[in-house]
Structure formats: C-alpha cells, structure tokens
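Q: With chain A fixed as given, assemble chain B onto it according to the hints.
Protein chains in written order, with UniProt numbering: chain A, 1 to 312; chain B, 1 to 391.
Errors might be hidden in some of the hints.
What the hints assert, rightly or not - Counterexamples of contact, computed for chain A against chain B with all Cβ distances above 12 angstroms:
1. 36
2. 40
3. 135
4. 216
5. 220
6. 295
As the list claims (entries may be wrong) - With the Cβ distance kept under 7 angstroms, some of the chain A side facing chain B (calculated, not the full set):
7. 143
8. 190
9. 282
10. 283
11. 296
12. 301
In case anyone wonders, no lab produced these hints; they're calculated from the structure.
Backbone N, C-alpha and C fix where the C-beta goes; we use that ideal spot for every residue, glycine too.
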Amino acid sequence: MTTDTSAPTALRHDPLVRGLGLASALLGVPQVATPGGFVRQLGLADGPRQRMATVAVGVRELTAAAGLLGRPHPAWLWSRVGGDLVDLTLLATALRRHDGRGVARTAAATAGTAAVTAADVYAAVTRTRWRTPVELTAATTVAKHPDETYELWSGLERLPEFMAHLAEVRITGPRTSHWTASAPFGRTVEWDAETTQDVPGQLIAWRSAQGAVVGNSGEVRFHPAPGGHGTEVQVTLRYSLPAGPLGRAVARYFGEEPHQQLDDDLRRFKQIAEAGEVIRSEGAPGGKRARAEFPQHPAQPLTEDELREVRS
Amino acid sequence: MKANCWAGPDSVEVRDVPEPALLNSRDAIVRVTSTAICGSDLHLLDGYVPTMQDGDVLGHEFMGEVVETGPGMTDGKLRPGDRVVVPFPIACGACASCRAELYSCCENTNPNAGLAEKFFGHPTAGIYGYSHLTGGFAGGQAQYARVVLADVNALKIESDLTDEQVLFLSDILPTGYMGAEMCDIQEGDVVAVWGAGPVGQFAMDSARVLGAERVIAIDKETYRLEMAAAEGYTTIDFEDVDVRSALLELTGGRGPDKCVDAVGLEATHGATHVRLYDRAKQAVRSETGRPHALRQAITSCRSGGIVSVVGVYGGLLDKFPAGAWMNRSLTLRAGQCHVHRYMKQLLRLIEQRRIDPTRVITHRLPLSEAPRGYELFKNKEDGCEKVVLTP
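Looking at chain B on its own, in the form it has when it is part of the complex:
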C-alpha cells in the first residue's frame, strides 16, 4: 500500500510499504478514507522530535472504515464496515490516568515508555506516527492503518456527516477545545489566542462557544488573521505591533483574562534580535523550543489569569518568565489533548452546527501528493491553513 513516510529532516516520501496486520488481540485494521497533516507533523519534518527513523509512517489524524477486527474484540462494539474517527493518543482505558480521563498520559500504551520516562520524568501515551519516543506506532497517512485497542480508541460515526466534518475530532478540534476549556472561561472574559493555525482557530471557536465575550487572535500570517476576522475575532499582527501593548490597549490596560498558546516550540517573534537569539540557542540544542508565544502569554495575561498551553513542547526552554507567573498569581495549564474526553460532546456541537470544522480546510490533495502538502503547509504558501489527504 501507499504510505507517507519520514525520510530524514525536511523530507517526506510516499512509499510502498506492507499493509498493516493485527499485532494485539484488540486491534482493528481501518481502510483510511481521509487523513490530515497536523501542525505538529511539521515538528517531525523539521527534525525537532528525537527518535524518528527513516521509513516511519506519519500521520495521527485519520478516519476510515473498519475492515478487520482482532480476536479480542468480542464485545461487538466495533465491526467491519463501521465508520470510525481515531483519536491520536492511544489509551488503554483501564489505568489510573485513563480512569481520570487523562488519556494522553495513558500508562500502558507506549512500548518505549522507558525512553519517554527519561525525557519527561514519567511516560506518556503511545501516539500514531509520532516518533519512537511515543511508541513507534505506524501512522495514518496511508491507505490502511492499525488501530490499537480499538474498542477504546475509535469513535463510531453513525450519522451522515461527511469525512471533512468529523475528521478533525481526531486531534485539532478537541485540542483547540481543550485549550479553551482549560481557561475556565467566565462570563465577560477576554481570551487571547496565540497562533491562528487550525488549532488556534478551533480554540477561538471553542472560547466563543464556552462564553468568552471577546476573542483575540495573534499571528503574523495575513490570511490566517483574515480567517479569524471573518469569524468576528479581533486580530493582532505581531509583525506590525508589540503584542503586549496591543493587548493592553484592547483590554483597558488589564490584559486578557485568559491566554491560549496554540503555537508551541517553533514560534517566531516580531523583533529580529529576539527571534535570532532563540533560533541560535535552539540550533545548538541549548534549548529545544523557542517559547516566544508562551513568554508573551505569561507577561500579557492579567494578574490571576490562566495561561493554557496546547502548542507542543518537547524539552527545555530558556528565559521562562517564572517571576511574572509566580508574582502575579497566574495559573499555567497544559496537556497533550485527552481527545477521548471530548469527542462525543464535540460531535454533538458539529451536529448542532455550533462549530463548523470544515472552515479551516484550504487544500484537498490525494495522498500521493502528501510531500507537496507538507511543503505548502510548512512554508505557508498559497494561503495554506489545513491540508486534507485522500488515499
């Protein structure tokens, strides 16, 4: 079958690979009908995530039709022919973390947990197509994919919603939603979102659904800011203005009540010297992320506010404004999305037309053109916001 594989930093290739087989008794094999390129796939492409190997099949946003189930799938929850969306973190559903609905911190699904523990202190869940640090699971940018512990890790779609309407339940919609939910939004809140990529857009939509009075989008790509403005959000272009000053101006000097970092470790900064400083430190690996967005969020947020982080960080940061965080009683919340926790309620919001996930799709390509999709997305060419691939 055809699959999009990592072929070294800055290189992905569509290759012929074997079709997936059952490895565990509660596996299912899915014929992928739609898959997408995620912003976090770009961290893999750019070589910022360790333990990638040549030939790793990429992709953790996918959905499709069940074609085979393992002998352990005896409860009849999932049958060949079922249409499913697959959450990107693999959960066992039985450990203490899963019972607490912290699915992305599942204690059992990462065969390389010992390695992950070295990086993070405690292991985290397995993730499809996301390095060997998260288990070495083959991804879903392929014609077929293996779903692990499929009775826990597949959401059946029984309505006639299109693939494009439900595909993003696999990652970016719940991730954006969790970014807003962690903000504990109260009536009258002003919520600022760093990053107007797909996750940022969904964090904004979610903030509005959860009752924010005003939502502010911060980015430098005009087309992304326009996409946010079209939804009625206020925009700040950080190439034109100083973000903190602009935020203070928009909030009567208070600063936003809640801030969402939907950027992560490859941020850019409006000021060249600041950008170069972190770029250089990252290049020599004396920090693993460029935390411009996080720093700005912490220094801009009103005292006692909440900074919620859904942008991906992998290692160590430099110049973390701990003083601002501590002295101004800020709450910092973070997490890889616990997708399973949100899928059903978000599916309902889609059915009720309160959120339209399709609004971020700008490019539809066949799987065979995945490398071009990565290029468009990475270089933000042709107004690229979200690429959906069809095998």
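Just chain A, with the same shape it has in the complex:
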C-alpha cells in the first residue's frame, strides 16, 4: 500500500492562488459574454474567427477559475501557464499581421499577458510539491522462529542480497551504518543511517542521518505467527520521493514500482531464510534483479560470458 500525503488543501487559503483564480474569472466573463467588445478593446479587427478564439479562451479561463477557487491543485496553475503560452502565440500572430490601427493597445495586452505568465510560472513552480512523502508497507511470513528471523535481518550486511536497490550496507559504529543504493538512470545514492530502536527478536528501526539525498526511515517488526507457523515480518519504509508525482510516473515508466519492489525484496528475504539463498532461474539468473530483466533471458542455459556477468 502506497500513501501519498501531498495535501492540496493548503492551496485553498493561498492568496496568490486565489488571486490568480479571481483574475481568470474577471477575464473570462467579458470574453464569453461580449467577445466582440473584448476583441476591439485589444485593438484588433473584429471578425467571426477572432470572436470564436476569444470565446474559447474565455471558456478556458472560467474553467481555470472554477478549478483554482473550487478544487485548488498545482495542475490548474500549470494549465494556466499552458494557456498563457497559447495566448502569447495568438497575440504575437496578431501583432505580426496587424493593420496598424490600435497596435499600441495590442502591444500593451501582449506585455500584460507576459507579466501574467511570469506570475503564473512563479505560482506553479512554488506551489508544486517537488517531494512527495511516501510510506510503504509489506509483510511476509517466514517459517522460522522470530529470534532466527530477527538475526538474519539485524546483521544488516545481508540486506543487499535480497533488496534489489541496495548495493552495500557497511556497519560504521555501534548504531550507525553507511548505505549505498542504485537509483534510476544509473545513478548511485549513498547515505548514513542510524539505528533508532533495536529489540532482539521483535523490532529494528532506523533513520537516515541529516543531509541524506533521499531522507528515509523504516522499521521491521517480527511477530510470532499464529499456530506456530513461524514469524510474521512487517516492514514499513518512509521516504520522500524527489520530483513528486512526476518523478514517480517517470520512475514507473523505467520499471520502478516501489511497492512491488518491496514485496519482491521481502519474498527474497523469505527465500534466504527458508531455502538458504535467492533462487535463480535461467530466465532470471540475476536473482534479485529478476523484475528488471523482462523480457528475460530465454529459459535456456547461459553462455560463459553471461555466467561471468551473473557471478560478478
């Protein structure tokens, strides 16, 4: 389960957002009600094409106004930026083909629109949440005693064996460790972490130190499963995802599904706990990289070169 806590409610009381919403309304009403008069005010020749364009722009403004005042969301601000660019294009075309009468008013309107564009860009950039706090939870049941299951995790150094993104965890002190992970687009992220709680057989919790690129924290709880069926392992991970929903969409496009990843990580933890190691097939010889390998290696034995790569 992924929880996105970016709340657009704060935008409802934002004076800049409300101001831009009102401006949209004030502009949209005359554009839709008296398009001919509006066109003349801009110093343009009045004709059916100009009127139609004006009504269209007016409808767009009223929609943006309704959105910004009724259900504020950064997307409305970005839609205003898009609309501004359309308006500037229309005005620039009008200026180029201008017959001279009232050109000063057209030029003034263009300058005004440019100023509004700047305000819209400012509002959109500053009001968009570029980091989304994410909380992921996942659980598995391991047919081992809670103490054994805890032991396997608490060493930390075996985590990279089953966590797809982790390259290395190095213990640096009694409660501190240094983590290295791979990030999208071939980058590497490193951070220091501190163990905040450690209750043998029950709980491990940790938090990244100040200054981590991706601030994160998490905990693993070990409960005896009912009926003596081993241990229920429950993991919670919290981190702030750079670039918000956009970043998440891009990452998903490149095959990063955080929740699924965590499920897979836990599945491999279970494999290590129960079967002793991560199971590899010819189709998914990379073990923990299985999901990223689709389309996979054919289910046929590997060549010497492929084997070397897998074993490296």
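A: Relative to chain A, chain B alone:
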C-alpha cells in the same frame, strides 16, 4: 548441447544451446537419459500460456544421471553417478506449503513470483520448461539439465527398473494418481474420467488401485478409448452420444460418484455449436479456457459427489455451472500435482507391478525428432498417446 526449444506459437525446434551450469549452491546437473512430451506442453505449443520466449528450453518430464552437484550439497544424499527422476514442480521443502506437502504451491522457488501473483492471487512453484510465469527455468528436453535444490527435487532410483518404468513419476503418473486420490474413493464408487490421454489413463489405473468398482473413460479418440477398454474400463465416445445421458444410463440415473477432469483448458465438445462458442471466446481472449469437460463433470456428478481437476487451467472460464455445484453439494478439488508427495508410494506400486506406466507409451523417438513428436501428439496421428524422447 542439443535442446528442444519453443520458437513461437506452433513451432518447436531442436537447437544448439550452452550446457547448463550451477546457478544455486544446491543445484545438480543431470545427463538426461529419457524425457517425455506432456499434454500440458501442447498448451505451450498452442500459445495459450503467456510469458513464453523464443529459445525457452521445453520439457518438465525428465530423468537421468547426476554428473555434478553444487557446493551446498553437503549431506551426501546425492552424488555423481546417481540415477534420478525429477519432479516437475520445484519445491524448497522448507516453506509452509512444502511442509504441508503442497509442493506445487512452494512459496520460494519462483523467481518471477510477483508476476505469478498477478495471475493467480498468490504465487506458485517454479516449474521446469514451463514459461516465465513459473520462473523461467530451462526444461529437460535436452541432453543435460540443471536440477534446482536437488536434495529436495530428485528421487533416486536404486532398483533396476527401466527408464520407461519410472520416467512418468516426474509428472503424469502422480498427476493421474492425485486426480483419483482427491476423489476420496469409497467402496462401490463409480468414477468417471474425462480425457483418456496419459494422465486420464493413470487416473483410471489409480482409481482402480484405490478401490473404485467401476471406471468410465470419456474421450473421442477411438484408439485412446480402446486403450482404456483394454484395461477393462467402460468407455464413452462423446462424438457419438450425449455424455451426461450416457453416464446416467450407466449408473442407474444417479450419475458417477466421483469425476476427474483430466482434460483442462483445450477441451473439445461433441456438439459443434458449443465447441464453436468457446473456441471463439478463447480466440478473442474473453475466456482463457474451453471448460467443456469441467462443465460436464459438474453437471453429471451425483449430488454430494466430488469433482477432481488435474487438467490444466490458466486463467478465466465462462459459463461455469456454479448453480449445479452449489445446489447439489458438490465438492470441487484441484491442484497442480504435488509430485514429491506421491513419488515413493507410486514407485512401490510400480515395483509391485500393480501399475504399469509403460502401457501408455506409443512412440519412442530420438530428441532430434522432438518437433515430429509434438506434431504426432498434437494432431493425435498414428495413434499417438505418449512420446518418449531419448537424447
């Protein structure tokens, strides 16, 4: 080495591929001495199983001689030179499912479990040569094969039984047996088996061993029905008669006490319009199986009876007779075979000559002629019941 590979729908090719290497520490490499084509391989051939890739080595029924064991095989259970039969589902032996002897539902052996979970709600075990949905493991229709977690997944054969006598312990004999065992057969039971292919034949043999009074075989291939009749089973040709009426007639109007579906998702039906209806729905993927056998089994079975399903289904069915199932207190049981659970007891039945698995073999071909074997088996040419390949 030579291996029989999937080369797209309706196409298999024997290709040169690398020899298998150890990937996990408890692996073993086996020199394959005998392997077979399974009815479920035809679902792969026909393109009904998703996530097949060009070059996938096929085959999940194989046996051979151990030539190498991994460094983790320290208990001495398996050594080079040992003769082994390999069960088709890969089990870890340690998870809750394996401990409950539900080996084909092993929770640890499918590296693509996340994908399988999307299809089935929960993941299932890895299977050799059976798509990437079941893990992407190379199969055994090859000169050599890798056996995963070999201390759990190989049955050592220490007697002098021939390959042909024990090869089918890998899949079809235990599968047929489980089909009958799930029927909880009581004295005097009439057991009807849909499908007189190899699994159906073994379900019939097993039903008899387990005490069925009468066994009825349902199919349309004359040679398959003759094979069943030769063993003393009653036969119904569904091209000639309406199956339910025939079953009622044979059972004094009660219907069979127990029914086994040994057909699965590519069934055919005696009535053309019914056959075409499901064929069309399957072609546009609005259902993934043609469940004629299952529907008939459910509507024919006596009230309170058991319908046991060992024919393979992969996705969603249409026109499932839930009303008959519910209102007549039927029990529906199913499962990919938990082969490991049955291998030893079936080996004993073979040794005691109470079951003769070789009776279904009609074709013996070299591995190099695997594509012809698939063709014969698929088109039911030349009386083909079971093809054994020798590398």
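Q: Quick check for students: does the CB of residue 216(A) sit more than 12 angstroms from each CB in chain B?
A: 22 angstroms, holds
Q: Please check whether the beta-carbon of residue 40(A) is more than 12 angstroms away from every beta-carbon in chain B.
A: 59 angstroms, holds
Q: May I ask you to test the interface hint for residue 143(A) with respect to chain B, counting a Cβ-Cβ separation under 7 angstroms as satisfied?
A: Holds: closest Cβ of chain B sits about 5 angstroms from residue 143(A), inside 7 angstroms.
Q: Over 12 angstroms to the closest beta carbon of chain B is the bar; see if residue 220(A) clears it.
A: 19 angstroms, holds
Q: Do the numbers back the hint for residue 283(A), that is, is its least Cβ distance to chain B under 7 angstroms?
A: 2 angstroms, holds
Q: Just double-check residue 135(A) for me: nearest Cβ-Cβ distance to chain B has to come out over 12 angstroms.
A: It holds; residue 135(A) is separated from chain B by about 20 angstroms at its closest Cβ, greater than 12 angstroms.
Q: Take a quick look at residue 36(A) and tell me if its Cβ sits farther than 12 angstroms from every Cβ on chain B, holds or violated.
A: The claim holds: residue 36(A) sits with its nearest Cβ about 55 angstroms from chain B, beyond 12 angstroms.
Q: Was the hint right that residue 296(A) lines chain B, CB cutoff 7 angstroms?
A: 5 angstroms, holds
Q: Hey, is residue 295(A) genuinely clear of chain B, shortest beta carbon separation above 12 angstroms?
A: Its Cβ does come within 12 angstroms of chain B, the nearest being 6 angstroms, so this is violated.
Q: Hint check: is the beta carbon of residue 301(A) less than 7 angstroms from a beta carbon of chain B?
A: 4 angstroms, holds
Q: When the nearest CB of chain B is found for residue 282(A), is that gap smaller than 7 angstroms?
A: It holds, given that the least Cβ distance between residue 282(A) and chain B is near 4 angstroms, below 7 angstroms.
Q: Does the CB of residue 190(A) sit less than 7 angstroms away from some CB of chain B?
A: The hint is violated - residue 190(A) has no Cβ within 7 angstroms of chain B, the shortest such distance being about 27 angstroms.
Hint compliance for this structure: hints 6, 8 are broken, all remaining hints hold.
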